[in-house]
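Residue numbers (this note's numbering), protein chains in the order written: chain Z, 3 to 195; chain W, 137 to 401.
Calculated from the structure, these hints are not laboratory results. Don't take each hint at face value.
Unchecked claim - Label pairs and their in silico Cβ distance ranges:
#, chain 1, residue 1, chain 2, residue 2, range
1, W, G342, Z, G104, 50 to 58 Å
2, W, G249, Z, E109, 29 to 37 Å
3, W, P293, Z, S36, 33 to 41 Å
4, Z, G104, W, R382, 42 to 50 Å
Here a beta-carbon is modelled for each residue, glycine too, at the ideal position from N, C-alpha and C.
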Amino acid sequence: MKLTPTPGQTVGPFFGYALPYAGGEALVDRSHPSAVRLHGTVYDGDGVPVPDALLEIWQPDEHGAISRQPGSLHRDGYTFTGWGRAAVDGAGHYSFTTLEPGSTGPEVAPYVLVTIFARGLMDRLFTRAYLPSEPATLERDPLLSSVPAERRHTLLASRESDGSLRFDIHFQGEDETVFLTYPNTPQFTGPVD
Amino acid sequence: MAEKNTDPDAAVLSQAEIDTEIAAIHAEYRAQRDAGAPVETNARLNFPPYRSSLLRHPTKSLHHADPEDIELHSPAFGHRDVSALESDLTIQHNGEPIGERIIVTGRVIDGDGRAVAGQLVEMWQANAAGRYMHKRDQHPAPLDPNFTGVGRTLTGPDGEYSFTTIKPAPYPWKNHNNAWRSAHIHFSLFGTDFTQRIVTQMYFPGDPIFALDPIYQSITDQAARDRLVATYDHSVSQHEWNTGYRWDIVLSGSNRTWAEQEEEH
Ligand SMILES: [Fe+2]
Numbered sequence: 003m004k005l006t007p008t009p010g011q012t013v014g015p016f017f018g019y020a021l022p023y024a025g026g027e028a029l030v031d032r033s034h035p036s037a038v039r040l041h042g043t044v045y046d047g048d049g050v051p052v053p054d055a056l057l058e059i060w061q062p063d064e065h066g067a068i069s070r071q072p073g074s075l076h077r078d079g080y081t082f083t084g085w086g087r088a089a090v091d092g093a094g095h096y097s098f099t100t101l102e103p104g105s106t107g108p109e110v111a112p113y114v115l116v117t118i119f120a121r122g123l124m125d126r127l128f129t130r131a132y133l134p135s136e137p138a139t140l141e142r143d144p145l146l147s148s149v150p151a152e153r154r155h156t157l158l159a160s161r162e163s164d165g166s167l168r169f170d171i172h173f174q175g176e177d178e179t180v181f182l183t184y185p186n187t188p189q190f191t192g193p194v195d
Numbered sequence: 137m138a139e140k141n142t143d144p145d146a147a148v149l150s151q152a153e154i155d156t157e158i159a160a161i162h163a164e165y166r167a168q169r170d171a172g173a174p175v176e177t178n179a180r181l182n183f184p185p186y187r188s189s190l191l192r193h194p195t196k197s198l199h200h201a202d203p204e205d206i207e208l209h210s211p212a213f214g215h216r217d218v219s220a221l222e223s224d225l226t227i228q229h230n231g232e233p234i235g236e237r238i239i240v241t242g243r244v245i246d247g248d249g250r251a252v253a254g255q256l257v258e259m260w261q262a263n264a265a266g267r268y269m270h271k272r273d274q275h276p277a278p279l280d281p282n283f284t285g286v287g288r289t290l291t292g293p294d295g296e297y298s299f300t301t302i303k304p305a306p307y308p309w310k311n312h313n314n315a316w317r318s319a320h321i322h323f324s325l326f327g328t329d330f331t332q333r334i335v336t337q338m339y340f341p342g343d344p345i346f347a348l349d350p351i352y353q354s355i356t357d358q359a360a361r362d363r364l365v366a367t368y369d370h371s372v373s374q375h376e377w378n379t380g381y382r383w384d385i386v387l388s389g390s391n392r393t394w395a396e397q398e399e400e401h
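Model the full assembly from the supplied sequences, consistent with the hints where possible.
Okay, here's the thing in structure tokens:
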């Protein structure tokens, strides 16, 4: 890497009239035969829901193919673009309507890439919401197998009785979500516990 | 940290107390640098002078991940997503917005110096009185019926972007008593890899509030902070029309190998 990246800054409190858009949370229509709801709540270090967070998801389709099609901001109702954006509601809850992603590699367990922005959060955070899968599939996954066993559950979406996928995010606390950093993407947290 | 008041509406601390906290963190960083610690090129997630960060930063180190295919790609945006008119924030209503008309322009490149072409750039900002068109902004400054303060564009083949807008004013917030934000424009950017995704803020040169603003100061390194400050560029100013600012944005390096980059061509 030759150049030093521009730093990030918080999304602040007033993104609500600028970043969310109609249809942002619906990667497919609810009537799609394979439509699934991916939803959850964002919590702060006191376990209180965060009412001013924004989430983005980015994922392959059910066959593991990555869309190269534009149209995420003005969906045509037919094209799966793989990307969506949703603000949480006043109770810190977000919801997407999407497809369950396929795997992108022989060892890779299927997951949805999740990005979190919030007032009070100085820079975006990445995490992965893995689909509930066979234990052998999860154990083989290069990332999951590198995460300490006691924290692995924070990366797993759970299947609700209504068929939806539940994925909560905890900035801190006993169930603090495993947030990710990548080789060429430096991020400085400041002092950690 | 439990003794600190994390209520964003409390506004109990003075500016002097916040300044002291910022100075202590920066002094510690400089001492660590002198002892050989690496440069901090990003904002700190755990930055107590920004009170809202106390309960919203991860307390554990970020987990190192090798990017998979999805992280090495980004969503595609095109002209069905963004209209050419969306980059001019002064023509979205029937009349001219109040304030200093400016053009903010620059290039989006990645850490390897490659232009980020055809990607989405979003921005939003307060108006010339420091007020957002957001229902929860309670600052008693006037709304401008001719200014919404939201723009979008796609970068050109050389990574270039340009917005025509109004210079935003500083505005008060509730971090501490008499707290003011430096004037800024929020920016949201995508790269060729999703790992390059960034939301940030652009500032204006010489802002007297810089030293007092814990969000700006959450970047402990002066050279890194400077990367968020646009420069006045008279070649962007236009005769009897607008003043001009230039701000280039460098995304982090692509995590793809060179061969993977070439496949996109
Ligand atoms: Fe702002």
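Is it true that the C-beta distance of G342 (chain W) to G104 (chain Z) lies inside 50 to 58 Å, as the hint says? 52 Å, holds
Within 29 to 37 Å: is that where the Cβ-Cβ distance between G249 (chain W) and E109 (chain Z) falls? 33 Å Cβ-Cβ, so the 29 to 37 Å window holds.
Can you let me know if the beta-carbon spacing of P293 (chain W) and S36 (chain Z) is within 33 to 41 Å? 37 Å Cβ-Cβ, so the 33 to 41 Å window holds.
CB-CB spacing for R382 (chain W) and G104 (chain Z) relative to the 42 to 50 Å hint: Cβ of G104 (chain Z) to Cβ of R382 (chain W): about 44 Å, so the range 42 to 50 Å holds.
In terms of the numbered hints stated before, the structure departs from none.
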